[in-house]
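Participant: Since chain S is already given, all that's left is putting chain R on it; use the hints.
Number of protein chains: 2
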Amino acid sequence: MKVGVIGLGSMGMGAALSLLRAGHEVTGCDMREAARAEFAAAGGAVAARADALAEGTEAVVVLVVNAAQTEAALFGEGGAASRLAPGAVIVSSATMAPDAARALAAKARERQLLFLDAPVSGGAAKAREGAMTVMASGSAAAFDKARPVFDAMAAKVWALGEEPGIGATVKVVHQLLAGVHIAVAAEAMALGIRAGADPRQLYDVVTSAAGNSWMFENRMARVLEGDDAPRSAVDIFVKDLGLVTEMARALDFPVPLASQAQQLFTAARAMGQGGKDDGFVIRVWQAMTGIKLPGE
Amino acid sequence: MKVGVIGLGSMGMGAALSLLRAGHEVTGCDMREAARAEFAAAGGAVAARADALAEGTEAVVVLVVNAAQTEAALFGEGGAASRLAPGAVIVSSATMAPDAARALAAKARERQLLFLDAPVSGGAAKAREGAMTVMASGSAAAFDKARPVFDAMAAKVWALGEEPGIGATVKVVHQLLAGVHIAVAAEAMALGIRAGADPRQLYDVVTSAAGNSWMFENRMARVLEGDDAPRSAVDIFVKDLGLVTEMARALDFPVPLASQAQQLFTAARAMGQGGKDDGFVIRVWQAMTGIKLPGE
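Chains as they are written, first to last, in our numbering: chain S, 38 to 333; chain R, 38 to 333.
Calculated from the structure, these hints are not laboratory results. Please note: incorrect hints may appear among the correct ones.
Same chains, same names: a pair is fine if it fits in one copy or spans any two.
As the list claims (entries may be wrong) - Straight-line alpha carbon distances no greater than 25 Å define the calculated DMTMM-like cross-link-like pairs of lysine to aspartate or glutamate that follow:
no.	residue 1	residue 2
1	Lys-163	Glu-254
2	Lys-329	Asp-272
3	Lys-39	Glu-108
4	Lys-313	Asp-235
5	Lys-193	Asp-241
6	Lys-193	Glu-254
7	Lys-329	Glu-200
Chain S with its partners taken away, still in its complex shape (with noise of 0.2 Å):
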């Protein structure tokens, strides 16, 4: 199957890996040098700009950061909707708002393209694998289209229903609980080495009781061996509990832990820690305590 795939971050370059792997004509699409020549040299095609993918391509995967690009890669000036074929499939899986997924959705259909609002979770390793988790919402057709991509970059693909937005919503109400609990694990790792805890040992009964996290656990591991390396960024929550609270204002719906939750992030990214792994948003509670990490 010819195969695009914009966006070859983290995500991306492992969704157009595993593709590559699966057999398919893959091109991917990225601005970026260095990202380009990483794909070529693991046999892939490349291309500096969306409306050079492959003439006639069947099903392309759009991996950037949100809806903006996402729209500007599709159908903006030198998009890629000019090269895809007819009843081609478009996999949206950036996160982005429920709506801005419908309005995606409705310019699609207007060129009789399908789609599918499909955001995907797992990270990278899991991305090289071919094992992201999908969470879709789209017609049949889409779905029946998009299968042999999925086949290649999911191990698990939730169809969401027939209406687009539902995948987004299903994402955004994720990075809710995500962002949250990624901070809170900072709040109460910080409080513990305030009150006298060894922090290794609060790890420890934490992650085997009722107040674990899949979060807690995998985030402060990092913390505890003062590993602040990225693997999702400070930033990435900045950017996605805004649109948690973007969704929920849309609402009219109140998300006062989400909202409180963006603060600290936001906190982070303006003490410079916006780059750093997410879990450091701990340094927030080190800035105004004085307290010390572990491994400082």
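Facilitator: Relative to the frame of chain S, chain R by itself:
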């Protein structure tokens, strides 16, 4: 071993029955006649007042509601201290502030009694199986003396150090996480419902992904079933998040997420939901926004 258990609530009854099963000579103490009758029917001795424990009791497990009740049950008028054998061990298991645990330890020391600051977790079912988790700190002598008690009632005993107060600290930090995780589970589920996601699908996606927490998985299952019978009630988290904010204030330490979660449980209590299962803090969002909960 002659053991007393003060407080035959869901956790205390479980501990007392487990101790009885292990062959100890157990007196269960509770003001409530129904609780005493239940324990007597299981073959245990009972007492309505702490100073009616067996003379020469070697270990007393205190599983009342808070520090004030623990203090009264041990050292108040009619307290258990007068019934304890020389060198007996007090296992203080109510959730309380670290300062309160240290004050109790000092009073025990004055009376030449051993003391463990030993909060528990695991819920009523695990308590009945003798499979609680204990987070304890205190002297090696106190741990030695308490070993037969822990063997009978706990699946896991965390030995967190020599100093009373560390057990309480770890438990309070654990409750910070538990409370915020329940409140944010409700916030996320409520937002998803308002945004049109199917609650069951949302639950399935989240519990298979990085946004999961132990509490989301456990408590939102009950919300999906519309089962608000209290296993752990809203009021418990009004109290425990109160301990979190009290401990944090004493340390000049900001806990914005715990404070926000406390306000949400307080709102649920204000609505008359204090006795309902804690995940039904989701009714705060229902009251504000009119969403329909599953099964309603």
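Participant: For every hint, state whether the structure bears it out.
Facilitator: Cross-check of the supplied hints:
In the homo-oligomer, the alpha carbons of Lys-163 and Glu-254 lie at most 25 Å apart both inside one protomer (17 Å) and across protomers (23 Å), since each shortest distance falls under that limit. Taking identical chains as interchangeable, the C-alpha atoms of Lys-329 and Asp-272 lie at most 25 Å apart only when both belong to the same chain, with a minimum of 23 Å there against 34 Å between chains. Taking the shortest alpha-carbon separations for Lys-39 and Glu-108, only the intra-copy value of 21 Å comes in at or below 25 Å, while the best inter-copy value is 74 Å. Only within a single protomer do Lys-313 and Asp-235 lie at most 25 Å apart by alpha-carbon distance; the minimum there is 24 Å, versus 35 Å between protomers.
Only between protomers do Lys-193 and Asp-241 lie at most 25 Å apart by alpha-carbon distance; the minimum there is 12 Å, versus 30 Å within a single protomer. Within a single copy, Lys-193 and Glu-254 get their C-alpha atoms as close as 22 Å, and across copies as close as 19 Å, so both meet the 25 Å cut-off. For the identical chains of this complex, Lys-329 and Glu-200 are inter-copy neighbours only, at 21 Å across copies versus 49 Å inside a copy, given an alpha-carbon limit of 25 Å.
Of the hints listed earlier, there is not a single one the structure fails to meet.
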